[in-house]
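Dock chain Y with the ligand against chain F, hints included.
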Amino acid sequence: MIEFSASQFKSNARTAVNDAGLRAKIKKATGTSLTKRQETVKEIPDWEELREKGHLLRKKVVDDLDRYQAAFTESAQSNGMVVHYAETHSDATKIIYDIIRRQSVRSVVKSKSMITEELRLNEMLEENGVRVIETDLGEYIIQLAGETPSHITAPALHKSKEDIARLFQEKLHIPYTDDPEELTKVARERLRKEFLNAKVGISGVNFACADTGTITIIENEANARLCTVLPDVHIAVMSVEKILPSINDLPLFLKLLPRSATGQRMTSYVSMINGPRSQYNPDGPRQLHIVILDGGRKQLAKHPAWKESLYCIRCGACMNICPVYQSVGGHAYGSVYPGPIGSVITPTLFGMQEAQDLPYASSLCGACTDICPVKIDLHHHLLWERHDIVDRGYKSFTEKIAMTLWRWVMLSPSRLEFAGRAGWLLQKIFAKKLPAPGWTPQRRFPKIARKSFRKLIQHDKDEYGSS
Amino acid sequence: MNTDLLEMFTSRLEDAGGWCRIISSPGSINDIIRGKYSYEKKDMIYAGSVEKQLGDVELDGIDITTIHQNDRRKSLVNAKLGITGCAGLIAETGTAGLITSVSEPRELSLLPETHIVIAYSDQLFATLDEFLAKVTAEYGDAQLPSITLVTGPSRTADIEKKLVVGVHGPVEFGVVVIDRSE
Ligand code: SF4
Numbered sequence: 001m002i003e004f005s006a007s008q009f010k011s012n013a014r015t016a017v018n019d020a021g022l023r024a025k026i027k028k029a030t031g032t033s034l035t036k037r038q039e040t041v042k043e044i045p046d047w048e049e050l051r052e053k054g055h056l057l058r059k060k061v062v063d064d065l066d067r068y069q070a071a072f073t074e075s076a077q078s079n080g081m082v083v084h085y086a087e088t089h090s091d092a093t094k095i096i097y098d099i100i101r102r103q104s105v106r107s108v109v110k111s112k113s114m115i116t117e118e119l120r121l122n123e124m125l126e127e128n129g130v131r132v133i134e135t136d137l138g139e140y141i142i143q144l145a146g147e148t149p150s151h152i153t154a155p156a157l158h159k160s161k162e163d164i165a166r167l168f169q170e171k172l173h174i175p176y177t178d179d180p181e182e183l184t185k186v187a188r189e190r191l192r193k194e195f196l197n198a199k200v201g202i203s204g205v206n207f208a209c210a211d212t213g214t215i216t217i218i219e220n221e222a223n224a225r226l227c228t229v230l231p232d233v234h235i236a237v238m239s240v241e242k243i244l245p246s247i248n249d250l251p252l253f254l255k256l257l258p259r260s261a262t263g264q265r266m267t268s269y270v271s272m273i274n275g276p277r278s279q280y281n282p283d284g285p286r287q288l289h290i291v292i293l294d295g296g297r298k299q300l301a302k303h304p305a306w307k308e309s310l311y312c313i314r315c316g317a318c319m320n321i322c323p324v325y326q327s328v329g330g331h332a333y334g335s336v337y338p339g340p341i342g343s344v345i346t347p348t349l350f351g352m353q354e355a356q357d358l359p360y361a362s363s364l365c366g367a368c369t370d371i372c373p374v375k376i377d378l379h380h381h382l383l384w385e386r387h388d389i390v391d392r393g394y395k396s397f398t399e400k401i402a403m404t405l406w407r408w409v410m411l412s413p414s415r416l417e418f419a420g421r422a423g424w425l426l427q428k429i430f431a432k433k434l435p436a437p438g439w440t441p442q443r444r445f446p447k448i449a450r451k452s453f454r455k456l457i458q459h460d461k462d463e464y465g466s467s
Numbered sequence: 468m469n470t471d472l473l474e475m476f477t478s479r480l481e482d483a484g485g486w487c488r489i490i491s492s493p494g495s496i497n498d499i500i501r502g503k504y505s506y507e508k509k510d511m512i513y514a515g516s517v518e519k520q521l522g523d524v525e526l527d528g529i530d531i532t533t534i535h536q537n538d539r540r541k542s543l544v545n546a547k548l549g550i551t552g553c554a555g556l557i558a559e560t561g562t563a564g565l566i567t568s569v570s571e572p573r574e575l576s577l578l579p580e581t582h583i584v585i586a587y588s589d590q591l592f593a594t595l596d597e598f599l600a601k602v603t604a605e606y607g608d609a610q611l612p613s614i615t616l617v618t619g620p621s622r623t624a625d626i627e628k629k630l631v632v633g634v635h636g637p638v639e640f641g642v643v644v645i646d647r648s649e
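Order-wise, the sequence lines are chains F and Y. Our numbering applies: residue 1 is where the first sequence begins, and numbers increase by one. Our numbering applies: residue 468 is where the second sequence begins, and numbers increase by one.
Hints were generated in silico from the structure; no laboratory data involved. In this text, a Cβ means the ideal position worked out from N, Cα and C, and glycines have one as well. Incorrect hints may appear among the rest.
Stated by the list, open to error - Lysine-lysine pairs mimicking BS3-like chemistry, simulated, CA-CA at most 30 Å apart:
| no. | chain 1 | residue 1 | chain 2 | residue 2 |
| --- | --- | --- | --- | --- |
| 1 | F | 185 | Y | 629 |
| 2 | F | 36 | Y | 629 |
| 3 | F | 199 | Y | 509 |
| 4 | Y | 519 | F | 193 |
| 5 | Y | 628 | F | 185 |
| 6 | F | 59 | Y | 601 |
| 7 | Y | 628 | F | 42 |
| 8 | F | 455 | F | 428 |
| 9 | Y | 628 | F | 36 |
| 10 | F | 193 | Y | 508 |
| 11 | F | 185 | Y | 601 |
| 12 | F | 428 | F | 400 |
| 13 | Y | 519 | Y | 601 |
| 14 | Y | 628 | F | 10 |
| 15 | F | 199 | Y | 601 |
Unchecked claim - Listed next, the stretches of chain F that the computed footprint assigns to chain Y, with coverage defined by at least 3 CB atoms under 8 Å from CB atoms of chain Y:
| no. | segment |
| --- | --- |
| 16 | 24-34 |
| 17 | 126-138 |
| 18 | 210-220 |
Claimed, not checked - Far from chain F by the CB rule (all over 10 Å, computed), these chain Y residues:
| no. | residue |
| --- | --- |
| 19 | 488 |
| 20 | 491 |
| 21 | 495 |
| 22 | 507 |
| 23 | 525 |
| 24 | 535 |
| 25 | 559 |
| 26 | 572 |
| 27 | 588 |
| 28 | 634 |
| 29 | 646 |
So here's chain F without its partners, still in its complex pose (with noise of 0.2 Å):
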């Protein structure tokens, strides 16, 4: 069993590595998303300079949230949305729980969102009585099964479908399919009740547009569709980095975030959301409220460097193309947010001490920062992180003294000869068995040369002239 916290990455690494089975599936989801991002990249000519301009659209929030929270809170009133602004996690529970509590009602149906799952709202909810239904199909396997989301956009990725089978066949007490169309049509019919009945609805947010105080959802199931439209009172939860300047700004990200996150066009539903039942609007719910989460977001966006992890949309594409995501999963991570953004971002906005691995949970091959939309430079704010990590004094003494010596011989070429002839010699003798805690049981010590390289051409050079 995994344990949920960023502290034990170390060991939940080394238990997802050896299940070949987990591989094998995340594998095949991920390089399933994958190739089809590939293709629909391909179709945009000037895809680089559409991500150079999402990169510019989202400093240029994260630069003045303020601002940009006060703009979008205008014109969403001015459309009738109720607007909560929550500085910490516990003030946004607090907020929703206490909306619902006026609804006097024991359950709501939910669709998916990261910042939710952030908050641990489901918890929080179910112990006030409060019964949360999860209706996108993902979300609903693991709420059955009792788990958190592995991947931001395909939770349950880390689920075969015999697993889903006999998760279903156990909780809903259905006779034993592992059809995925048959399990699908099983959970719409459970849904379709919920979703009758419901009285409050809760969604995320993709994005939120400061002009016109539009929210928009995006999504394939529907089910966030019918959570927000069927319901009397909607709660849509998003945090302040959510806001984009314009509506005119929604093409553009609307081109970046599904391609590369399944590599759709467009996914199946866009709901651009502009008010409550109103004259305007003739449908939806009575009520909308929005619950804008701060959370640490604004003391983040002052730093110089790490402010621009904010710029992330929640793609998923970092975690896609991660080798180390591949081999370890999602919950290795123990965070909301796994691969090089929940790497970069759970260090910086809930603790870099208990995170601290995860910075080192990369091989700084740089494909995330490749293939992020909004380009953000995440191989690099690991490396930053790492040097932050140091500099707090989190190393051990061992790996200070270690780190110490091994630049002291860096800076030499006479010491690195020495070191390199004494490492040839101690290799001899302990028949290649050099011991290096932490890093032999893993990994095969490479074999050092007898001559080093500097040697071999000096070599050469005596004996047939410099050419």
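Below, chain Y with the ligand without anything else, positioned relative to chain F:
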């Protein structure tokens, strides 16, 4: 009529799992629907505003505005087909852009198992940018109603990335384009 754009729209909508039929006059709409689905008249509900635009052609089914407000949801839950108009089609992605109105509430395109959009060839836009620019210009400073972009039927790939069509929303989605170029 811009045939290239219409071709692109059709093929991209098909990629997303929807269908598209292009007709030269509205007269054949009922036949197209009857040819594809065997729904009874009482199971088909349409937006009244759409029928008005069709001139003499009467759509098979029930005009949603003739159903009492309190009974609408129940009727739509039981309905098999919802027919709406749209504010524009987007070629680049095979998308129909719907704007909420009294005769076209969002439930009409959401609850029945099949959703059909009736559009005109001159409503075709190349990109989403163009479509949104037109909509926002039209409303100016007035408040925008909610907008829904629909690209194919509801779908999921949450189980082993296998595509399954028809999750919580419509199982089938089609667009009938009436050529209005002459
Ligand atoms: S960091 Fe970039 S690639 Fe990763 S989820 Fe965010 S937007 Fe997507």
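Residue 185 (chain F) and residue 629 (chain Y): Cα distance at most 30 Å? Roughly 14 Å separates the two Cα atoms, so the pair holds.
Hinted pair residue 185 (chain F) and residue 601 (chain Y), Cα distance within 30 Å: violated, 39 Å
Compare the distance between the alpha carbons of residue 428 (chain F) and residue 400 (chain F) with 30 Å, and conclude whether the hinted pair is satisfied. holds, 27 Å
According to the definition I'm using, a residue is off the interface if its beta carbon is farther than 10 Å from all beta carbons of the partner; does residue 634 (chain Y) meet that for chain F? violated, 4 Å
Taking 30 Å as the top limit, are the C-alpha atoms of residue 519 (chain Y) and residue 193 (chain F) close enough? violated, 34 Å
Given as non-interface: residue 588 (chain Y), which should sit over 10 Å from chain F by C-beta: holds, 21 Å
Distance restraint between residue 199 (chain F) and residue 509 (chain Y), which requires alpha-carbon spacing of 30 Å or less: The given pair, whose Cα atoms are some 28 Å apart, holds under the 30 Å limit.
Outside-interface status for residue 646 (chain Y) - nearest CB in chain F farther than 10 Å: Residue 646 (chain Y) is indeed farther than 10 Å from all Cβ atoms of chain F, at 24 Å.
Check whether the Cα positions of residue 628 (chain Y) and residue 36 (chain F) lie no farther apart than 30 Å. The hint holds at about 11 Å.
Does residue 601 (chain Y) sit within 30 Å of residue 519 (chain Y), going by the straight-line distance between their CA atoms? holds, 23 Å
Is residue 36 (chain F) within 30 Å of residue 629 (chain Y), Cα to Cα? holds, 13 Å
Count the residues of the segment 24-34 of chain F whose Cβ falls closer than 8 Å to any Cβ of chain Y, and tell me whether that reaches three. That given contact holds, which follows from 5 residues of the segment 24-34 of chain F lying within Cβ reach (below 8 Å) of chain Y.
Against the hints set out earlier in the document, violations occur for numbers 4, 11, 15, 25, 26, 28.
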